[in-house]
Amino acid sequence: MMWLLDALLAGWLLSLMSGPLGSFIVWRRMAYFGDTLAHSALLGVTLGLLLDIQLNLAIILCAVFIALMLASLQRQHLIPSDTLLGLMAHTTLAAGLVTLSLVDNVRIDLNGYLFGDLLAVDRQDLMAMAMGAAAVLFVLSRIWRGLLAATVSEELAQVEGYPVARLRLLFMVLLAVVIAGAMKLVGVLLITALLIIPAAAARPFSQGPKQMALIATLISMFAVALGLWLSYHFDTPAGPSIVLTSAMVFVVSQLLKGRAQQA
Amino acid sequence: MNEYLIKLQDATLERQGRTILNKVNLEVRTGEIITLIGPNGAGKSSLLKLALGLITPTRGQRHSRGDLRIGYMPQHMSLPDTLPLSLKHFLQLAKGFQRSQLQSACQRLNIEHLLDRPMQRLSGGELQRALLARALLSQPHLLVLDEPVQGLDIAGQSELYQLIADLKDELNCGVLMVSHDLHLVMSATDRVVCLNGHICCEGHPQTVQKDPSYLELFGQSMPAHLVPYTHHHDHVHTDDCLHDHSTPEKPADQESS
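Sequence order for the protein chains is A and B.
Take the first sequence: its letter number 223 is residue 223 in the numbering used here, and every next letter is one higher.
Take the second sequence: its letter number 199 is residue 199 in the numbering used here, and every next letter is one higher.
FYI, nobody ran anything at the bench for these hints, they're computed from the structure.
Here the structure is a predicted model, which is why all the values come from computation and not from measurement.
Ideal Cβ placement from N, Cα and C applies to all residues, glycine included.
Where hints are given, some of them may not hold.
[Claimed, not checked] Here are the computed lysine-lysine pairs in the DSS-like style, where the Cα-Cα straight-line distance is at most 25 angstroms:
id, chain 1, residue 1, chain 2, residue 2
1, B, Lys210, B, Lys23
2, B, Lys95, A, Lys210
3, A, Lys257, A, Lys210
4, B, Lys49, B, Lys7
5, B, Lys95, B, Lys168
6, A, Lys210, B, Lys88
7, A, Lys257, B, Lys88
[To be verified] Interface residues of chain A toward chain B, partial, derived using beta-carbon atoms under 7 angstroms:
id, residue
8, Ala149
9, Glu154
10, Leu156
11, Glu160
12, Gly161
13, Arg203
14, Phe205
15, Ser206
16, Gln207
17, Gly208
18, Met212
All chains, full assembly: derive it from the sequences and hints.
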């Protein structure tokens, strides 16, 4: 049972980060971008194994690198943005799978990377996630207003003197940290779902941006708890169970919204 | 005497091999309202972005006064429905805003009663005033307005132009704005710059109105309030018009709006 408690704690730490950052992803219409970064985590694992550096660090570095590459490709307007994102999201995933299979001297639990492996969450991971969450929330609270201003209108924010480019980069780094943290819990394929579904579910109940981030966090924590319990009870995979639970919360929130509008 | 706020020198902007703007020279000074006019695709918004420093010219230079504060009113503001943002939230995002200024800007633009309204539910005119209020919050030396009156009826348009002229005096700032129609802005404009990929002509509104290249772009003179948007041709040249009108290229059917 201890592992369940560890998993719950890990999931809640993750929710603290994914609630606010997921809200920004929804506001900035960056779901596909999040996918690309999440998929790049596999490449990060390969990199970490090959260079023998700490895996979380490798994942973060790799995600930031992919994000920068993506941003520079988008600026060149070679192909439409959605095509580019679709291309990159799946190319990074494929590249991760191929390179990982080439690192054959290590036994690799591919399923665990793709869909999460809660049993693998140990105390060390918990410590790392707690520090990651503290760092992410600290940085986010410092840049909140500027990041929101740039989300509303990047040009306006830039004219007013916000450091728009630096904010964008910081946001990507924060996202990379969340992805590294989320990989063990839900796996690279489902990270984006964990980011955007609670935020989307929180929207009908929110009157302001901060409130939405808070409600998204609470919904995410609820989904983690219920999803883990269901997974334990019915012996289903944990990551997908958590994602399904938050999708159910989303459906309920939409129904409640519909009823509120009728009344 | 009166120093410039911003100055563009021979600014040329190219995008994907196309020349959007060709050797544009422009200076904006304190107490002066400059209006950019020109057909769609003439590069008006690009010129504003050059002036704002949002994009850098391919060739040529931009200079601005050292401590310049700019209030910018963008042409579009499309907020995602997923973002719960009231007008008050929106205004508070202005960098370095102060509560007292927020209050006086809202009073000045008559939007106090809308403060709790979600941005997505403001009408066209309300949104224009909201954007203008945000531009005022920084106590700007220079107001840059991209089609400030779009979506307003004629009465609303002249009202807003009058307001801009008043604000210029109250703030003692310079104004650079884009307009679609010269006739309505005439009374509130010191200098008109007629743009079509390059500066075709510029000067006092009355002078510009008689300029051959202005007439070429905007049609022969009609009673002011009846002038529609008539430039369906892409350039017949008169003898005194030696410059190149070939950029930017666009199909004729995209022009009118």
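Hint by hint, which ones does the structure fall short of?
9 and 14
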